[in-house]
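Take the sequence shown: its position 127, counted from the start at 1, is 1443 in the numbering used here, and no numbers get skipped.
A few of these clues could be false.
Pairwise CB distance ranges, derived in the manner of DEER restraints [claimed, not checked]: (1) I1403 x L1380: 31 to 39 Å; (2) V1417 x A1342: 31 to 39 Å; (3) T1387 x P1419: 14 to 22 Å; (4) A1341 x L1380: 31 to 39 Å; (5) D1384 x D1408: 33 to 41 Å; (6) G1388 x V1431: 18 to 26 Å.
It should be emphasised that the hints constitute simulated quantities derived from the structure, not laboratory data. Backbone N, C-alpha and C fix where the C-beta goes; we use that ideal spot for every residue, glycine too.
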Amino acid sequence: MTNKVHLSQVDELIIVGLNSTTLLAAAGTYIGDVFPVGGYTHISGFAFSNVSSATNGLRIEQGLREADFPTGAVATANVTRSVYSIIGNDIDNNAFAAQVVAPFARIVYVNGASVQTVFKLYGEARILRGL
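Start from the sequences, fold in the hints, and give me the full structure.
Shown next as structure tokens:
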């Protein structure tokens, strides 16, 4: 058995509202919409900025209820988090992925200490079949 995934094994859903290019101020925060991920196996995507994120600045938050995610604020309770640090100007190493463990999720990005002039955040939920 190999680690290769054939295209016939992938069924994907692009996460609506998570194709952001909104520039962030120093220490600014992007909070994505909460979306249902029940039935999907993975959340993945990439982030690119001309400056590095805050330490563990990219977070995939997952929770059991949509109400577990506070509007306009980073969740502090009732959710699980997968965290990543994004390196500025490093297009090759800014991919992220997490296994789906709850029926709802969102992606949060906290910028580093400098104002961005370039920012791209993309995420999707996908099903990997036949692995």
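D1384 and D1408, beta-carbon distance inside 33 to 41 Å?
-> This hint holds: roughly 34 Å between Cβ atoms.
If you check the beta carbons of T1387 and P1419, does the distance land in 14 to 22 Å?
-> holds, 18 Å
Evaluate the given range 31 to 39 Å for the C-beta pair formed by V1417 and A1342.
-> Roughly 32 Å apart at Cβ, these two residues keep to the hinted range, so it holds.
Is it true that I1403 and L1380 lie within 31 to 39 Å of each other by Cβ?
-> holds, 32 Å
May I ask you to test the hint 31 to 39 Å on the CB atoms belonging to A1341 and L1380?
-> holds, 33 Å
Do G1388 and V1431 keep their Cβ atoms within the hinted range of 18 to 26 Å?
-> holds, 21 Å
When the structure is compared with the earlier hints, no violation turns up for any of them.
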